[in-house]
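Number of protein chains: 4
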Amino acid sequence: MTDLQSKNPDFDRVVRDSFSRQPFMAFVGAKIEDLSPGICTLTMARREELTQQHGFFHGGMVGSLLDSAAGYAAFSLYPENSTVLTVDMKVNFLNPANGTSLRATASVINVGDKIYHLKGDVYSISEGEETHCMTGVFTMMCLLGMSDAPNLGRIKGAV
Amino acid sequence: MTDLQSKNPDFDRVVRDSFSRQPFMAFVGAKIEDLSPGICTLTMARREELTQQHGFFHGGMVGSLLDSAAGYAAFSLYPENSTVLTVDMKVNFLNPANGTSLRATASVINVGDKIYHLKGDVYSISEGEETHCMTGVFTMMCLLGMSDAPNLGRIKGAV
Amino acid sequence: MTDLQSKNPDFDRVVRDSFSRQPFMAFVGAKIEDLSPGICTLTMARREELTQQHGFFHGGMVGSLLDSAAGYAAFSLYPENSTVLTVDMKVNFLNPANGTSLRATASVINVGDKIYHLKGDVYSISEGEETHCMTGVFTMMCLLGMSDAPNLGRIKGAV
Amino acid sequence: MTDLQSKNPDFDRVVRDSFSRQPFMAFVGAKIEDLSPGICTLTMARREELTQQHGFFHGGMVGSLLDSAAGYAAFSLYPENSTVLTVDMKVNFLNPANGTSLRATASVINVGDKIYHLKGDVYSISEGEETHCMTGVFTMMCLLGMSDAPNLGRIKGAV
Chain S
1 MTDLQSKNPD FDRVVRDSFS RQPFMAFVGA KIEDLSPGIC TLTMARREEL
51 TQQHGFFHGG MVGSLLDSAA GYAAFSLYPE NSTVLTVDMK VNFLNPANGT
101 SLRATASVIN VGDKIYHLKG DVYSISEGEE THCMTGVFTM MCLLGMSDAP
151 NLGRIKGAV
Chain P
1001 MTDLQSKNPD FDRVVRDSFS RQPFMAFVGA KIEDLSPGIC TLTMARREEL
1051 TQQHGFFHGG MVGSLLDSAA GYAAFSLYPE NSTVLTVDMK VNFLNPANGT
1101 SLRATASVIN VGDKIYHLKG DVYSISEGEE THCMTGVFTM MCLLGMSDAP
1151 NLGRIKGAV
Chain Z
2001 MTDLQSKNPD FDRVVRDSFS RQPFMAFVGA KIEDLSPGIC TLTMARREEL
2051 TQQHGFFHGG MVGSLLDSAA GYAAFSLYPE NSTVLTVDMK VNFLNPANGT
2101 SLRATASVIN VGDKIYHLKG DVYSISEGEE THCMTGVFTM MCLLGMSDAP
2151 NLGRIKGAV
Chain W
3001 MTDLQSKNPD FDRVVRDSFS RQPFMAFVGA KIEDLSPGIC TLTMARREEL
3051 TQQHGFFHGG MVGSLLDSAA GYAAFSLYPE NSTVLTVDMK VNFLNPANGT
3101 SLRATASVIN VGDKIYHLKG DVYSISEGEE THCMTGVFTM MCLLGMSDAP
3151 NLGRIKGAV
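Residue numbers (our numbering), protein chains in the order written: chain S, 1 to 159; chain P, 1001 to 1159; chain Z, 2001 to 2159; chain W, 3001 to 3159.
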């Protein structure tokens, strides 16, 4: 979709604040590279503890990065006082993620009342060369009336 | 499937050895709880660095655990001198993973020549109560003639 | 899940009535074999026009049958004055569907406020032998305040 | 991917011949609109027998059309004396398919030795307006040494 509009004028701050409250993203060294309404790009540098037995990024880690990118791409469009939930994640592993860093970009392709559909791709980067290592489709839910903060207070009947 | 037979009499040692060579699994504290031909169960205790903004296990982490369980469930059936590759991962997030530990079990449901189909589930465990938090279907490939060790030497024409 | 309860005491009539209003199901000769709250089994006999180039049931047709079974398994739990929508369908093709009939069973594995998660399997049947030919996971949405009848009147803000 | 090359110089004839041997495609009135190496577009006109209870194209039918487009997009790249098998299909339903025709396009995004990854989209068309109604990712397998003709003779060890 083009020219997606966020329902929250303060989306940039809200998304970056939520991202900074995900201990797992800090643990694995993921960063927001780019953010605009409905599109989010995350990057992650290779560290040995993120790899599998062949020395590549662990597939689960590749998927985790893309799942987070998709969640924040959706969340960037949501109104205030809401949070995001992954309903479903479907990814194909195209090539080994054997680069020195990963770049995951997800974008919203359809906006429903509660359901947002997204697509996403991960590239493995090494010495300026990019290898397409994952593609996928995600379903995200917008939970209205529910705080994104840790002690989330679920408003009765909100979902 | 019932009564699955491994093509490798030494499957238990081979799988545990491969698992021990996945730095990412050690990094997140995942352990093999149970292993039999075609079935693998992994567990992981909650640590703050594995969580997202609501204090639950990060969804990507839940998926990573199940992906590894599925990979090793398939690999447990493979012949010697082979390795495993995730082709595709499809998971639904059923409930927040807000327990003190996770248990992921995957099992092979169909064996092809190169393609293995698996299903898997993750339960979040807290004070003896189990919550079903993820279900999924996986496609794994058996790469014959390719070592599972880090400096994998790909035999020409093997796949 | 066990002991699923429908929110509609009249679910059996409502599901069969909706099924009978799907021209495509009549066109391909699909029938309801079994129905209970949260579980639906459909069958379809082989006819040449349902096949692909190898003479097997067309894969899309196998998926269509399972999608319908999943939709009605979810719908059987819904309250009155609602309808069902497939959000997402993920299926693996395990074996060729080369039997004389198909049997597709889907069941609800998790009930949310609006989102229902289901799993399903299709067996190809020939001379009493069953071959597992498809497995999958589905996400269905419950659209409240929206009629299941053809000229659906969507109540503003219902979804 | 750009500039995909078919391994079969005669791909156009081979794909159209295979398509013409799918009784199900004729039954539902699907046609090849466009075909180039790695990309296939199919169309289908609305007929009442292809609809569900709301009068829209049945979701299974929408998925069937996209599955066929994906299969032939992959098959268009294969060498002689091979056939195609869907390993896995993952689709999201974005909007009701309430147009007077459907157009499904699938394209290969990655070519492996045996495994081909594809993406695809379906648009519902009505009075010149297009609605994006489905997006998905597919895994297709190339079965070498196996005829695409009905009485397929499977060469031992071919897969």
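Calculated from the structure, these hints are not laboratory results.
The C-beta atom is built at its ideal place from N, Cα and C for all residues, glycine as well.
Treat the hints with caution; some may be incorrect.
Below are the BS3-like pairs computed for lysine-lysine, each with C-alpha atoms no more than 25 Å apart in a straight line [unchecked claim]:
(1) Lys2031(Z) / Lys7(S)
(2) Lys2007(Z) / Lys114(S)
(3) Lys1114(P) / Lys3031(W)
(4) Lys2007(Z) / Lys2031(Z)
(5) Lys3031(W) / Lys3007(W)
Residues from chain P shown here face chain S by an in silico Cβ test under 10 Å; the list is partial [what the hints assert, rightly or not]:
(6) Asp1010
(7) Arg1013
(8) Ile1032
(9) Thr1041
(10) Thr1043
(11) Gly1063
(12) Gly1071
(13) Val1087
(14) Lys1090
(15) Val1091
(16) Tyr1123
Has the given pair, lysine 1114(P) with lysine 3031(W), been kept, meaning a C-alpha gap of at most 25 Å?
-> Outside the cut-off at roughly 33 Å; violated.
Quick one, is the valine 1087(P) hint okay against chain S at 10 Å, beta carbons?
-> 6 Å, holds
Is the hint on threonine 1043(P) kept, meaning its closest Cβ partner in chain S is under 10 Å away?
-> 15 Å, violated
Can aspartate 1010(P) be said to touch chain S, with a Cβ gap under 10 Å?
-> Not OK, violated: aspartate 1010(P) not within 10 Å of chain S, min 17 Å.
Per the CB criterion, is glycine 1071(P) less than 10 Å away from chain S?
-> 8 Å, holds
Is the interface hint for glycine 1063(P) satisfied, with its Cβ closer than 10 Å to some Cβ of chain S?
-> Since chain S brings a Cβ to about 6 Å from glycine 1063(P), closer than 10 Å, the hint holds.
Satisfaction of the lysine 1090(P) interface hint, Cβ to chain S closer than 10 Å = With a minimum Cβ separation of about 5 Å from chain S (threshold 10 Å), the hint on lysine 1090(P) holds.
Satisfaction of the threonine 1041(P) interface hint, Cβ to chain S closer than 10 Å = Violated: closest Cβ of chain S sits about 16 Å from threonine 1041(P), beyond 10 Å.
Quickly compare the C-alpha distance for lysine 2031(Z) and lysine 7(S) to 25 Å and report which way the hint goes.
-> Distance ~45 Å between lysine 2031(Z) and lysine 7(S) Cα, so the pair is violated.
Minimum beta-carbon distance criterion (10 Å), valine 1091(P) to chain S = 5 Å, holds
Does arginine 1013(P) pass the interface hint, meaning its C-beta sits closer than 10 Å to a C-beta of chain S?
-> Check failed: Cβ of arginine 1013(P) comes no nearer than 14 Å to chain S, outside 10 Å.
Lysine 2007(Z) and lysine 114(S): Cα distance at most 25 Å?
-> 22 Å, holds
Of the numbered hints given earlier, the model fails hints 1, 3, 6, 7, 8, 9, 10 and 16; all others are met.
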